[in-house]
Amino acid sequence: MVTTAHDRKVKISITLLRVLIGWHFLYEGIVKLYNPEWTSFGYLASAQGPFKSIFYSLTAPSIIDWVDNLNVTALLVVGITFLLGIFEKKGALVGICLLGLYYLAHPSFPGIQQINVEGNYWLVNKNLIELGACIVIYNYPTARFFGLGLFRKRKLIKK
Amino acid sequence: MNWTRRDLLKGLGGLPILGAVWWAGAASVVNRKKKRAEILNQLNISPSLPKAVPGIGGDPIRIGIIGFGIRGEQLCRSLGFATEEWKEEMRMVAQEDPNNRALEDFLRQDKLNVSLTGVCDVFDVRAEKALRSFSTPDNKIKRYATYTEMIHSGDMDAVVIATPDHWHAPMAIEALNNNIHVYVEKPMTHTIEETYELREAAKKSKATLQIGHQHRQTLSFRTAKDIVEKGILGHVSLIQTNTNRNDDNGAWNYDIHNQASAQTIDWEQFLGSAPKIPFNKNHFFRWRKWWAYGSGLSGDLLTHDYDRLNCVLNMGIPDTVSASGGIYTHNDGRNVPDVLQVNMEFPRFSTGSSQVEGKEQGMTFCYSASLGNSFNRPTILMGHDATMELGNKLTIWPDMASTKYADMLEGEKLRPNIPMYQYNPAANVPDAVSSATSQYFADKGLMWTYIDGVRVDSTFLHMREWLSVIKNGGKLSCGIKEGFEEAISAHMAGLSWKTGRKIEWDAENEVLKPISGINFDEVLLFNGKWKESSENLEV
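Going down the list, the protein sequences come from chains Y and H. Going by the working numbering, the first sequence opens with residue 2, and the numbers climb by one from there. Going by the working numbering, the second sequence opens with residue 2, and the numbers climb by one from there.
Just so you know, these hints were derived from the structure itself, not from any lab. Built from N, CA and C at the ideal position, the CB exists for glycine as well. A hint or two may mislead.
Using C-beta positions, here's what the derived DEER-type ranges look like [stated by the list, open to error]: (1) H:Val54 to Y:Trp123: 45 to 51 Å; (2) H:Asn473 to Y:Pro62: 30 to 36 Å; (3) H:Lys35 to Y:Ile116: 41 to 47 Å; (4) H:Leu239 to Y:Trp123: 45 to 51 Å; (5) Y:Leu17 to H:Lys414: 18 to 24 Å.
Result set (DSS-like, lysine-lysine): computed pairs, CA atoms no more than 27 Å apart in a straight line [claimed, not checked]: (6) Y:Lys12 to H:Lys11; (7) H:Lys11 to Y:Lys91; (8) H:Lys141 to H:Lys88.
Just chain Y, same shape as in the assembly (with noise of 0.2 Å):
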C-alpha cells in the first residue's frame, strides 16, 4: 500500500533526480552555447559499433553546424524544462533521444574500445543509466509537485 507519506518521499526522490539531471544537462548545454568553437565533430568521427557509418556521415561540413546547434538546443531543453518543471515529459523525451544517440555512438558492447571512460562498462554504462533516469521522470512527473507546473495545475483547477 502506498501511503501519502511514501507518496511524499516518492515524490521528493524523483524531483531530486530531476533536478540533478537537469542540472547537468544545462551545465553541459551552457558550456557548448558560450564556446563557439566546440563542435561535436570528434564525437561523430570516432563512432562505434553498428551505427559507426551513420554518425560518421553526420561529420559532413554541411550538416555538422546543424548537428552541433541541434545537441546544445536539446541539452538546453532538457536543462531548463526540468529545472524550472515545466513541460517535463517533453523534456523527458528528448533527454532520452539524445541520450540513446550518445549510447550508440559509443556503445559499451564488448570487443569495441572505449574511448574517453573514466570507469569499466558492460553493455550498461552512464548515459544509460542516465536515459533509464529519464523514463521515470517521464512517467512520474512532479513538475505540479515542484515547478513552473504548479501553476499551471491551479489554472487548471480554476478554469
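Position chain H against the provided structure of chain Y, taking the given hints into account.
Positioned in the frame of chain Y, the structure of chain H alone reads:
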C-alpha cells in the same frame, strides 16, 4: 490569485538553480577564454595563410616525366594525372574504408595548366602504363628512350625527375643547360662535385629549378617560423628529429614487378655511372638500399628532416657533422645503414635569447633513425623558454625554468606540463592513412597541409608554385640555395658514417675541409663503409 508563500517557493524554486547553473557555465567558459586570450596576446603568433600564387596562364606548360616509378606516379597525380589502375584501387579502398579520401582529394584538386607530353622510363611496363593512362586523342604522349632525347626533342618546356639519386644531377644539369625547367626529387645530388655543378648550371640557366621538398608548403611550418622568429621558444639549443619505421615498405623493400627482366628493363641505362654489375631486379626496384644509386637514410629521410628545420630556422649548412649507426635491422644485402644517428653542430647559430647577452649561442641538430621500430618520436625544438613539437600540428609547452615566462608561470597562468599554444589546421578534418609509411610522412607534415580545413596535397602546391614561377617569375620555396644546403648537409652525414670521421664545413670558402688521404666523392660512391688506406673491398 491566492498563491501561498509555500506555493511560490515550490513553483519558482527551480529558477534560482537554473540561474546559478547558467551563470556558472557561462562564467567558466568566459574565464577560460579570457585566460587563453591573455596568453595568445602575449605570444602574438600569426597562423600562416596560404600563399597567393599567380595563375598559370597562356599555353599549357609541356612536361616530360623522367622516372615513372612509385614517386613518379605520385608526382603525376599532383600534376593532375592518375592512372586508371590507381583510381580503381582507391575506389576499392574507399569502399572498404569510407574515411579514405585519396580519390576524392585527387578529384577535387584544382586543374593545372599543363600538358603531359612525354615519358622516359627504363622499365617498359612503367613507360607503357604512363602512355596508356595519360594519352588522349588530342594529346598523344611520346615515350623517349633516353632523357637526353627528351630534353633535346624541342617538345618539352619542363621535366620532372623522379629517378634513383645517381641520375638526379646529370639529368637536371642537362635540362638546365638547355633552359628546360626542372623539378627534381630529393636529395638533389649524389656526390659533392655534382652539387657544385648543379648549382653552377642553375645559376647560369634561364630555366627554373625546384627541389622536391614539398613540405615547404605546409602551413604549420610557416607558422612555426613565425613562432621561432618572435622568440617564443627563446634560444633553441637542441633539435631532436627522428625516423621511426618498422615495415618492409619503410625499409625500401618495395615489390618486385613480375614482368621485370633483362628484356623489359634497360639495365645499362639504369646503371649509368654506377658500377657495372649483371642485371639485378633487387637493385633495380630497391635501389635505395645501395650507395651506388641511393644514399640510404641520410639522403632519403634525413634530408626531409633537415630541410623541414632549415625551412623553419634557415640555419644553413652545419659546421660539423658526425654520424654513427649500422645495418642492424635489415641484414639483407643492403649496404646503407638502417640505424643512423647524425649530430649536426651549428655553434654560431641562435634563435635569439631572453637571458643576458652572450650567454646563449649555438645549437645541435640531432637526427636519430631506426628502420626497426615504429614508436612515434616526434620532432622537438628545445628552447630555453619553451619546447615546440613540430609536425602537421604544432604544440608549444612553456619551460618551467623559462626567463621569458617566469611571471606567467609564477602567476599560474601557464603550467609547464600544459601546452600554451596549439596549432592544428586539421582539427576538423578526418584523416585516414593507409599504410605505416604514409602515416610516417603524414605525421611529419610531409604529405599534405590544410587550407581552410580542407586537406591539400603539399606536392600539388609545391608543383603549382614551380609552374607559376615558370610563367610569372617570383620566388621559389625550394630553389638551388635550399637544395645546395640540403645536399651538402646530407652528404656530410653520409661521409661521416662511411669514414667514421667528423666532417667539417668551411663556411667562408663554401667547401668541405679536406681530410688527407680521403677523396670525398670516392667515399660517397663507395659501396659500403670506407676503410682507410688498405683493402677497400666492395661489400
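Legend entry - 41 to 47 Å as the expected CB spacing between Ile116 (chain Y) and Lys35 (chain H), which holds or is violated: violated (31 Å)
Legend entry - Holds or violated: Lys141 (chain H) to Lys88 (chain H), with C-alpha atoms at most 27 Å apart: holds (21 Å)
Legend entry - Hint consistency between Lys12 (chain Y) and Lys11 (chain H) [alpha-carbon to alpha-carbon, up to 27 Å]: holds (13 Å)
Legend entry - Val54 (chain H) versus Trp123 (chain Y) beta-carbon gap, inside 45 to 51 Å or not: violated (55 Å)
Legend entry - Hinted pair Lys11 (chain H) and Lys91 (chain Y), Cα distance within 27 Å: holds (21 Å)
Inset, instruction - Kindly confirm whether 30 to 36 Å is satisfied by the beta carbon distance between Asn473 (chain H) and Pro62 (chain Y). - result: holds (32 Å)
Legend entry - Status of the given 45 to 51 Å range, CB of Trp123 (chain Y) versus CB of Leu239 (chain H): holds (47 Å)
Inset, instruction - Can you let me know if the beta-carbon spacing of Leu17 (chain Y) and Lys414 (chain H) is within 18 to 24 Å? - result: Given about 39 Å between the Cβ atoms, the range is violated.
Against the hints set out earlier in the document, violations occur for numbers 1, 3 and 5.
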